[in-house]
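Engineer: Residue numbers (the numbering used here), protein chains in the order written: chain A, 187 to 803; chain B, 187 to 803.
Calculated directly from the structure, the hints in this document are not laboratory data. This structure is a prediction, so every number in the text was calculated from the model and none was measured. The reader is advised that the hints may include incorrect statements.
Which copy is meant is left open, because identical chains are indistinguishable; a pair holds if it fits in one copy or across any two.
Claimed, not checked - DSS-like, lysine-lysine: derived pairs with alpha carbons at most 25 Å apart:
| no. | residue 1 | residue 2 |
| --- | --- | --- |
| 1 | K456 | K567 |
| 2 | K567 | K774 |
| 3 | K774 | K522 |
| 4 | K774 | K450 |
| 5 | K647 | K567 |
There are 2 protein chains.
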Amino acid sequence: MNQYPILDRVNSPQDVKSLNRKELKELCVEIRKFLVEQVSKTGGHLASNLGVVELTIALHRVFDTPWDSIIWDVGHQCYTHKIITGRKDQFDTLRQPGGLGGFPKPEESPHDAFIAGHSSTSISAAYAISRANQMRGSNSHAIAVIGDGAFTGGMAYEALNNAGRSRTNLIIVLNHNAMSISRNVGAFARYLTTIRLQPGYLRLKDHTETVLDHIPLVGKPVKRVVQSSKAALKNALYHSTFFEEMGFTYIGPVDGHDLKALEKAFVQAKILCRPVFVHVETTKGKGYEFAEKNPLIYHGISKFDVETGNPDLPEEDSFSVVFGNYLTELADHDDKICAITAAMKQGTGLTPFCSKHRNRFFDVGIAEQHAVTFAAGLASKEYIPVFAVYSTFLQRAYDQILHDAAIERLHVVLAVDRAGLVGDDGETHQGVYDIAYLTSIPGVTVYSPTTNEELKAQLYKAIYETEGVVAIRYPRGCDKKIYRSQNPSADYLFLDERGKNLAISYGRIFHDLYAVNQKGHFGALLKLNKINPLSDELVEKISAYHDIIFFEEVEQNGSIGEHLLLQLNQLGWRGSFRSVSLPNGFFKQGKVPQMLKEYRLDQEGMAEILREEWETK
Amino acid sequence: MNQYPILDRVNSPQDVKSLNRKELKELCVEIRKFLVEQVSKTGGHLASNLGVVELTIALHRVFDTPWDSIIWDVGHQCYTHKIITGRKDQFDTLRQPGGLGGFPKPEESPHDAFIAGHSSTSISAAYAISRANQMRGSNSHAIAVIGDGAFTGGMAYEALNNAGRSRTNLIIVLNHNAMSISRNVGAFARYLTTIRLQPGYLRLKDHTETVLDHIPLVGKPVKRVVQSSKAALKNALYHSTFFEEMGFTYIGPVDGHDLKALEKAFVQAKILCRPVFVHVETTKGKGYEFAEKNPLIYHGISKFDVETGNPDLPEEDSFSVVFGNYLTELADHDDKICAITAAMKQGTGLTPFCSKHRNRFFDVGIAEQHAVTFAAGLASKEYIPVFAVYSTFLQRAYDQILHDAAIERLHVVLAVDRAGLVGDDGETHQGVYDIAYLTSIPGVTVYSPTTNEELKAQLYKAIYETEGVVAIRYPRGCDKKIYRSQNPSADYLFLDERGKNLAISYGRIFHDLYAVNQKGHFGALLKLNKINPLSDELVEKISAYHDIIFFEEVEQNGSIGEHLLLQLNQLGWRGSFRSVSLPNGFFKQGKVPQMLKEYRLDQEGMAEILREEWETK
């Protein structure tokens, strides 16, 4: 590929170490071209990766993986790292089934020290690795690369609190991204701003507004944050003490696009042999302009994607959008309704709510634990909090749901988005465990809509007609509109009651079971809308059937089918029961339709199973 | 009661507001007498409560519950609060079945604003309440009272990060306890020390050691901490900025035993009408000396209890102690074994390990999330981390177990203590959900010993013969020594194989099932040692039986019996299955034997059930 004369020569970290300054500069340009070209074909996280090209190269020039360990927080900014560590030829398979992962994966390469996907874990992992190195007498370094958004996650502080006292070779690289300030809530973001405006960095000291105008790419967001607290700016002139007080040596701020400055800072950090905090400033989407100038070549990358860096925006008609719009509508007429997000406002469809009801909208940062307990606190004062959160991220708040909300039966509504298989993001993002953990918490009601009407009806019921903790879980994507709602408010529906065979399902795949039933009637059909708890009355009705097949897009352990079988058993039922679910396991990246097919949860698979079970009888 | 002339007149917060200074001083003495007298009879947390007598009285003199809300973090220091708010006459039922709770309980009194039990939740809850107040236009205050130990929990930072920007009537009272410094790990503890040594507080500035010697009750612990970082002490002379940078107005430090000073600080905080951080310094066990001088009257309170404040120390022969000693022994011969605790070193039996293998012992503070990811990081470098943690507290690390350890099958050992019903601490501490959440995570192996020999054998297997995440769960207390181990390393044992009836159990209650079987043979008896996953081979053997009864001391949803029934069903098994477990619910404080009896999980109940099921056939 003549486009990439320097990149062609880079197949391992050793290769970047041997390039000269001119070649390195060219390499940065080539990598950006490569990233834009690849991601425009496969999809993926573009902006965050464009922001860390120099940072990644500098790390590999100063450190030596896999002897040293680089741990990427969240991990979607690992593309340049993967390119450098011998995986550039796999980029056409990025996020594809069986292909290169979009996140670090130790099983892929020894250069990937630790798994990533969820936020704020890198310092814990890096500190542990630095401790292990210390215990075995190795001089290797552990480097955590973490964005400022991830610092809103409490785990990061738990780790900092432990790491700062140690004398290990631990380096924390704070990837401070100017563009994410508007989305990073809270005091810490403001604090970071104060660190940026250190004496050596400021050109003018007199007027706040003028100073801010002179900081490239900062402009409006920072201005809004800082104006709300003049005191913070005063502190900007002080020596920043937070990280030192936590026990780290502080180096920075460093221009994250100046390769030479980065290398110098990392060398300084490396020789210190004690915990160091390197504060790097990058610009998300840096270097994108050339792609903007070549739209025909680089089609498919919308400017919007580059600005937010989020490739996972909900489609127009998706459940997330339907949810967000309807919640906003309900909130128009009821000022007790509040919405909470953990840094996923757009992804969960809450942008309209935030616009219309700003004083009742709470973005708590990447802090699911706090989000749930905060919701419980609002509920204790008769507000109606709705926390919209991805199934996989809600895992982090298990204790808070149980302890802070459920014991006192506080009325907290959980809108669990991305429930079920998610596809491209792989093992770290699948939403197939929430049924197990939610149904393990006493008193939690769980709804699972199949259609838009059901989503709205169930949201209404969750808010106005259900006590205690209520969850509504729905998948990524849209209403398939095969099944059209009949009585969307009902807890369950027998759509067909003839015979002794009963097929049961809920959620997205009910469309498919319904389609199968329309084509060739196999037996009675039960649709669950409220999936937990199943009332005694319903279980009695189910027990009238002799052969039951339960299809669900969730892991087997803790599934609704598993609970139902025991309940039927307790009634003395002795019929035939078959649970068709996902196996207990982790699910690699893939396309959801193919994955459902693999587990016979698509129309073909279901039809086959129904025939297997019932045509032989 | 002539002993309590002032206390007799206190039946509501209004009553403390009307006392004069002399009476208030006397009240403090009487409350301490009362606490020592009561807790020596019922048991409970004495030292922490002795430390906050003045603090609590001051809060009730300045604020007005329930219009204002006081939220106690962890909550076991709420006794004076309960005395003042009309519950002193119930103290003889403290922590007894059906009696006064040892933690705040909204259902008990409107003066208890929020549930407590787990750490670091108070700021989230208080901030939410302050937001709710603001939204409804109320001037009420929300006050979180949180100890410095709880600041090691990441949730507290998530909350601070959100709360600091707000303009709500939120007050955070940091109850900074000098005696807990030696146990609070990390940079934050050291930082708090620096705040204490402010200019107005220091008498000498020249020599570190001399200064420290002059600070009452600080002495050795602080000296050890500060000497490890001279830089921190220098900062002591600066104005502390951390809390202000987080957006709070800082007031303090305030002498936590000077009622007048406390009231003044709280009044200042109250009129500010914006987030305030009041730094209060207390001494745990303050005022205990008079009890020491009257040992005949106040028998039952050991000085050790007062010093540590921990009434839950493991008995000499408990599973915790057996575990800790054996782990230490294994670690004597294998320097890869590491032990981790989240601020529960004594409770989990790890004191010997800490003494012998200090460099491989990690107390991470109240930070279970970090503990698990830290363990995963150690495992990624071939160390063998054993995290000893209470079942109820491990709930907080659900996401980390799944995401950071299990996906990559990192070899992390979880020693899950206080599994099963715990008794006096009530709903917030029961360990009956871990089976559901652990078995919902793919690849997790779970062992459950009944005897000391099995605990050791299973710990050995977990460390040396099992891959991936392994949990061993055992209850509070000791080996009941009814059943004596036969083949403690086996995954399961058929102790009796005759007939078509099979009773199954595991863990602590297996002693009882065994005893019942000894007295009158009811059928075959299966003991599970490894309870998850159940091998295909075992399930096949079980399927040879026609009538099965499964006894387990765990919640029904997600139970082993529930999983087994589905597995049997998948083999085409059509026998009779009865699961005898705890219902899905929360369990109030009580005595464990009585609770087991209530759910028929004691010998009598089991025998009855076996007769019911099998004698009629």
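Engineer: Please sort K567 with K774 into within, between, both or neither, judging by C-alpha distance up to 25 Å.
Structural biologist: between (43 Å within a copy, 24 Å between copies)
Engineer: Checking an output row: K647 and K567, CA cutoff 25 Å. Within, between, both or neither?
Structural biologist: within (20 Å within a copy, 50 Å between copies)
Engineer: State whether the alpha carbon distance between K774 and K450 is at most 25 Å within one copy, between copies, both, or neither.
Structural biologist: So K774 and K450 fail the 25 Å test inside a copy (39 Å) and across (60 Å) alike.
Engineer: Are the CA atoms of K456 and K567 at most 25 Å apart within a copy, between copies, both, or neither?
Structural biologist: between (51 Å within a copy, 20 Å between copies)
Engineer: Can you tell me if K774 and K522 fall within 25 Å by alpha carbon in one copy, between copies, both or neither?
Structural biologist: Intra 41 Å, inter 31 Å, cutoff 25 Å: neither.
Hints 3, 4, counting from the list given before, are not met by this structure.
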